[in-house]
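**Student:** Please model the complete structure; the sequences and the hints are all you need to start from.
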Amino acid sequence: MHDPSGYYWCAIDDEDQLDFRCQIERTAGGKLTLVKLSGSDRIRGELTVKGDELEFTGERYCVSEDCAIKLRGTFKPVGNGQYRGTFKDAPHVIKLAPMPVGAGGSSDGGATNGAVDRGQPIRP
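When you line the sequence shown up against this note's numbering, it's residues -10 to 113, in that order.
I should point out that these hints are in silico values taken from the structure, not numbers from a laboratory.
Bear in mind the structure is a predicted one, so any value in this text is a computation, not a measurement.
There may be inaccurate statements among the hints.
Subject to a maximum C-alpha distance of 27 Å in a straight line, what follows is the list of computed DSSO-like cross-link-like pairs (lysine-lysine) [said to hold, decoys possible]: (1) K39 with K59; (2) K59 with K77; (3) K20 with K77; (4) K39 with K20; (5) K59 with K20; (6) K65 with K20; (7) K65 with K39; (8) K39 with K77; (9) K65 with K77.
Pairwise CB distance ranges, derived in the manner of DEER restraints [said to hold, decoys possible]: (10) V90 with I58: 30 to 38 Å; (11) D41 with K77: 33 to 41 Å; (12) C56 with V90: 32 to 40 Å; (13) S53 with H(-9): 29 to 37 Å; (14) E44 with P80: 12 to 20 Å; (15) E44 with G70: 13 to 21 Å; (16) R33 with G70: 29 to 37 Å; (17) V90 with C51: 25 to 33 Å; (18) D(-8) with G68: 17 to 25 Å; (19) A57 with V90: 30 to 38 Å.
Note that the Cβ used here is the ideal one computed from N, Cα and C, for glycine as well.
**Tutor:** Laid out in structure tokens, this is it:
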């Protein structure tokens, strides 16, 4: 079984602008969790490894308004350590691309809600 733990660039419904931070972390109890750490539109939940895929059960929520919805879906590998998640409960697409070693962190990022200004979309 592979371990996808680590920090990822991520985005909800924008596969070209991976400007926010997500983290897949193994808890002390051994469960895998996925959390979007920055931006106003976030996700959190548990992951289960099924072969190369990651099954997700959790929610999408907003920091500054009530937009919470339950999500169940699958993150499928798309190459280079990246995953693309689709959901049974909503038409959202979430893309994850691994951050370089040493990148990441859990601070919000201030006025930009954690967005990264690169001047152009990244193509991991």
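**Student:** Just to be sure I understand the hint, the distance between the Cβ atoms of V90 and C51 should be within 25 to 33 Å; is that true here?
**Tutor:** 31 Å, holds
**Student:** Please test the hint of 29 to 37 Å on the beta carbon pair from S53 and H(-9).
**Tutor:** 36 Å, holds
**Student:** Quickly compare the C-alpha distance for K65 and K20 to 27 Å and report which way the hint goes.
**Tutor:** 19 Å, holds
**Student:** Would you say the C-beta atoms of E44 and G70 sit inside 13 to 21 Å of each other?
**Tutor:** Check passed, 18 Å falls within 13 to 21 Å.
**Student:** Has the given pair, K39 with K20, been kept, meaning a C-alpha gap of at most 27 Å?
**Tutor:** 13 Å, holds
**Student:** Regarding D(-8) and G68, is the given constraint of 17 to 25 Å on their beta-carbon distance met?
**Tutor:** 18 Å, holds
**Student:** Please verify whether K65 and K39 have alpha carbons no more than 27 Å apart.
**Tutor:** Within the cut-off at roughly 10 Å; holds.
**Student:** Below or equal to 27 Å on CA atoms is what counts here, so check K59 against K20.
**Tutor:** Holds, at about 19 Å.
**Student:** Regarding the pair K65 and K77, is the alpha-carbon distance no greater than 27 Å?
**Tutor:** Holds. K65 to K77 sits at ~14 Å (cutoff 27 Å).
**Student:** Does the hinted range 29 to 37 Å hold for R33 and G70 at CB?
**Tutor:** 21 Å, violated
**Student:** Measure nothing beyond the straight line between the CA atoms of K39 and K77; if it is 27 Å or shorter, mark the hint as holding.
**Tutor:** Between K39 and K77 the Cα gap is close to 17 Å, so the pair holds against 27 Å.
**Student:** Falls inside 12 to 20 Å, the C-beta gap from E44 to P80?
**Tutor:** 18 Å, holds
This entry does not satisfy hints 11 and 16, going by the numbered hints stated previously.
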